[in-house]
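Protein chains: 2
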Amino acid sequence: MRIQFEDMVQEFKRVLVKKGFSEEDAYESAKLFAENSLDGVYSHGLNRFPRVIEYIDKGYIDVKAKAEKIDGFGALERWEGNLGMGNLNAKIAMDRAIELSRQYGVGVVALRNTNHWMRGGSYGWQAANAGCIGICWTNTMPNMPAWGAKDRRIGNNPFIMAIPRSNGQHVVVDTAMSQFSYGKIESYRLAGKQLPVVGGYDTEGNLTTDPVEIEKTWRVLPIGFWKGSGMSIAFDLIAAVLSSGLSTSEIGNNEAEYGLSQVFIAIDPKKFYSEGTTYDIIDRVLKDLKESEPAEEGGRISYPGERTLATRRYNLENGIPVVKEIWEAIKKM
Amino acid sequence: MRIQFEDMVQEFKRVLVKKGFSEEDAYESAKLFAENSLDGVYSHGLNRFPRVIEYIDKGYIDVKAKAEKIDGFGALERWEGNLGMGNLNAKIAMDRAIELSRQYGVGVVALRNTNHWMRGGSYGWQAANAGCIGICWTNTMPNMPAWGAKDRRIGNNPFIMAIPRSNGQHVVVDTAMSQFSYGKIESYRLAGKQLPVVGGYDTEGNLTTDPVEIEKTWRVLPIGFWKGSGMSIAFDLIAAVLSSGLSTSEIGNNEAEYGLSQVFIAIDPKKFYSEGTTYDIIDRVLKDLKESEPAEEGGRISYPGERTLATRRYNLENGIPVVKEIWEAIKKM
Numbered sequence: 001m002r003i004q005f006e007d008m009v010q011e012f013k014r015v016l017v018k019k020g021f022s023e024e025d026a027y028e029s030a031k032l033f034a035e036n037s038l039d040g041v042y043s044h045g046l047n048r049f050p051r052v053i054e055y056i057d058k059g060y061i062d063v064k065a066k067a068e069k070i071d072g073f074g075a076l077e078r079w080e081g082n083l084g085m086g087n088l089n090a091k092i093a094m095d096r097a098i099e100l101s102r103q104y105g106v107g108v109v110a111l112r113n114t115n116h117w118m119r120g121g122s123y124g125w126q127a128a129n130a131g132c133i134g135i136c137w138t139n140t141m142p143n144m145p146a147w148g149a150k151d152r153r154i155g156n157n158p159f160i161m162a163i164p165r166s167n168g169q170h171v172v173v174d175t176a177m178s179q180f181s182y183g184k185i186e187s188y189r190l191a192g193k194q195l196p197v198v199g200g201y202d203t204e205g206n207l208t209t210d211p212v213e214i215e216k217t218w219r220v221l222p223i224g225f226w227k228g229s230g231m232s233i234a235f236d237l238i239a240a241v242l243s244s245g246l247s248t249s250e251i252g253n254n255e256a257e258y259g260l261s262q263v264f265i266a267i268d269p270k271k272f273y274s275e276g277t278t279y280d281i282i283d284r285v286l287k288d289l290k291e292s293e294p295a296e297e298g299g300r301i302s303y304p305g306e307r308t309l310a311t312r313r314y315n316l317e318n319g320i321p322v323v324k325e326i327w328e329a330i331k332k333m
Numbered sequence: 001m002r003i004q005f006e007d008m009v010q011e012f013k014r015v016l017v018k019k020g021f022s023e024e025d026a027y028e029s030a031k032l033f034a035e036n037s038l039d040g041v042y043s044h045g046l047n048r049f050p051r052v053i054e055y056i057d058k059g060y061i062d063v064k065a066k067a068e069k070i071d072g073f074g075a076l077e078r079w080e081g082n083l084g085m086g087n088l089n090a091k092i093a094m095d096r097a098i099e100l101s102r103q104y105g106v107g108v109v110a111l112r113n114t115n116h117w118m119r120g121g122s123y124g125w126q127a128a129n130a131g132c133i134g135i136c137w138t139n140t141m142p143n144m145p146a147w148g149a150k151d152r153r154i155g156n157n158p159f160i161m162a163i164p165r166s167n168g169q170h171v172v173v174d175t176a177m178s179q180f181s182y183g184k185i186e187s188y189r190l191a192g193k194q195l196p197v198v199g200g201y202d203t204e205g206n207l208t209t210d211p212v213e214i215e216k217t218w219r220v221l222p223i224g225f226w227k228g229s230g231m232s233i234a235f236d237l238i239a240a241v242l243s244s245g246l247s248t249s250e251i252g253n254n255e256a257e258y259g260l261s262q263v264f265i266a267i268d269p270k271k272f273y274s275e276g277t278t279y280d281i282i283d284r285v286l287k288d289l290k291e292s293e294p295a296e297e298g299g300r301i302s303y304p305g306e307r308t309l310a311t312r313r314y315n316l317e318n319g320i321p322v323v324k325e326i327w328e329a330i331k332k333m
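If you read the protein sequences in the order shown, they are chains X and W.
Residue numbering for the first sequence follows this note's numbering, beginning at 1 and increasing consecutively.
Residue numbering for the second sequence follows this note's numbering, beginning at 1 and increasing consecutively.
Treat the hints with care, since some could be wrong.
Any copy, or any two copies together, can satisfy a pair, since identical chains are not distinguished.
Said to hold, decoys possible - When the alpha-carbon atoms are kept at most 25 Å apart in a straight line, the in silico SDA-like pairs for lysine to any residue are as follows:
#: 1; residue 1: K324; residue 2: P196
#: 2; residue 1: K324; residue 2: T311
#: 3; residue 1: K150; residue 2: G298
#: 4; residue 1: K31; residue 2: I70
#: 5; residue 1: K150; residue 2: L195
#: 6; residue 1: K290; residue 2: G205
#: 7; residue 1: K270; residue 2: T203
#: 8; residue 1: K150; residue 2: V197
#: 9; residue 1: K193; residue 2: G205
#: 10; residue 1: K64; residue 2: G183
#: 11; residue 1: K69; residue 2: Q103
#: 12; residue 1: K331; residue 2: D280
#: 13; residue 1: K324; residue 2: R284
#: 14; residue 1: K216; residue 2: S187
#: 15; residue 1: K271; residue 2: L316
#: 16; residue 1: K64; residue 2: R2
#: 17; residue 1: K271; residue 2: F73
#: 18; residue 1: K332; residue 2: A130
#: 19; residue 1: K270; residue 2: R14
#: 20; residue 1: K184; residue 2: L207
#: 21; residue 1: K150; residue 2: E68
#: 22; residue 1: K270; residue 2: M333
#: 23; residue 1: K331; residue 2: E11
#: 24; residue 1: K150; residue 2: E297
Just so you know, these hints were derived from the structure itself, not from any lab.
Keep in mind it's a predicted model, so treat the numbers as computed, not measured.
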């Protein structure tokens with residue numbers, strides 16, 4: 001079953017208005033949800049929407065609240081999320097970072113007490129669409145053991161970098177510090193498949209590609225083993241320190257995953273040079289990358305963001321594939 | 001054989017002065033080299049020093065050149081490295097980023113045409129010692145295949161994040177985008193050992209922990225497989241775009257690894273709040289981390305930078321362990 005992008009936006013918007021959002025906020029948030037599904041990140045689009053509605057109903061997300069500036073010094077600002085909708089707050093924060101970059105070359109916005117931003121890549125695309133280099137990250141609830149540990153005390157803290165191109169085919173890296181998300185591990189289990197690479201530990205403490213075993217221990221693997229563990233800790237600390245918000249460890253004391261801390265950085269490269277120069281460098285790098293010798297016959301080397309764009313184009317034309325039950329449940333909301 | 005830190009500094013300084021550096025530059029650079037060995041990063045301290053001298057002799061490093069500002073807009077600046085000494089240029093760039101952060105809350109310095117900065121962590125410690133959050137990265141020559149590729153077209157592009165603490169025991173993450181450096185793979189081969197986790201591919205295209213096999217293909221593994229590959233590309237692009245310098249791919253056209261592009265970001269968290277607050281958050285996070293249940297009996301969970309500090313203390317007291325032949329070769333320079 002496939003749904004047109006605009007129909008999905010309208011359906012989400014209808015539900016959000018019903019839950020108490022203003023027309024404008026409901027539209028902005030609905031668009032961000034629908035864009036995630038459009039870009040193939042179904043886990044944080046349609047498939048996540050019902051849980052977000054549940055969080056609204058439980059009062060974890062305040063439909064009337066929005067991020068607001070509470071402190072600032074030049075190009076650096078601290079914003080309070082007031083437990084508003086996560087994707088709206090994140091968009092506001094990146095918009096402000098972009099605005100600061102127009103004034104100072106760079107802008108940094110640290111946001112606290114916000115909610116799950118859904119797909120971090122959204123805010124990278126947002127910065128790149130504004131011609132900016134975008135860098136952002138979030139902390140999460142404790143969902144990964146630190147290197148050498150069994151129990152989960154650090155977050156998978158997604159990290160995003162985006163580099164703008166004149167043709168809109170931006171380079172966007174959106175990567176959690178865990179090798180696989182819980183959702184990905186579950187989907188491999190449901191499909192009866194092994195993970196393509198090791199993703200966690202079994203009950204005997206051995207690395208495994210078996211999703212069933214990993215779900216027994218929830219000892220998921222940080223990217224690069226000790227390296228992703230270290231990066232996760234640093235991202236959490238910087239977000240908590242700059243926003244004066246909750247750390248991953250403290251979010252673990254909440255009854256659900258809310259009250260997150262995030263950092264948004266925008267840098268305006270056009271402060272320096274003509275657009276041509278910038279884009280030439282990127283084109284040359286990506287061309288060279290594409291000329292790599294594939295490890296497997298017929299293999300293609302993609303740059304970060306390339307597959308997202310291909311999916312976006314396909315889904316725009318053919319409609320977004322949806323799980324019928326979820327779509328129908330949302331229609332009844 | 002162990003050498004006192006100050007003796008190592010003086011020996012490096014003597015050689016650098018002989019090569020044409022000013023007294024002051026020679027001391028600053030010598031100190032950075034010696035600090036790497038002091039902190040246990042021997043590969044980029046004493047052990048690397050002879051190769052740097054060779055680069056000076058070959059004219060890749062210009063002993064009289066230093067980084068200078070060529071363009072700037074508010075908190076964002078572009079500096080030209082003039083192929084000066086890599087560690088001096090990097091120190092100058094991070095110093096400038098720190099200065100900008102005093103004025104704007106955040107400072108970004110993009111540096112081009114510089115040389116290998118040795119240990120990236122140096123500039124993280126530098127920022128943290130100044131009370132700043134430091135974030136920096138460099139590109140490198142092509143030394144790693146992109147995900148899905150056989151030939152090396154991307155860099156291992158080390159990435160550093162540092163968070164200051166009042167007690168000087170800063171949190172510093174210093175991590176290349178490859179799982180292991182060439183030097184590390186070599187040292188495992190020389191010791192006749194297997195790598196602790198997979199680090200690259202054998203000639204049949206299988207992941208392996210065998211350093212001998214990896215040295216046959218030089219197909220080293222990015223951290224997190226496709227994830228580190230994507231991050232490496234993004235770091236390279238941001239550095240090249242902001243500095244208008246060479247990309248990894250273009251550095252590959254040089255006869256050696258010179259002409260690098262780097263980014264230095266400093267954020268001054270004291271613009272917001274009293275020191276107490278900041279440091280409290282960090283202490284709470286690290287305390288929780290330390291309370292993790294170790295995966296192996298008697299295991300200890302370390303925070304990033306903790307082992308560096310322990311090595312620093314030990315080597316300061318007991319002297320820095322050196323390879324006798326290298327030390328004596330340097331004494332004869």
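- Looking at the structure, which of the earlier hints fail to hold? 1, 4, 7, 10, 12, 13, 15, 16, 18, 19, 21, 22
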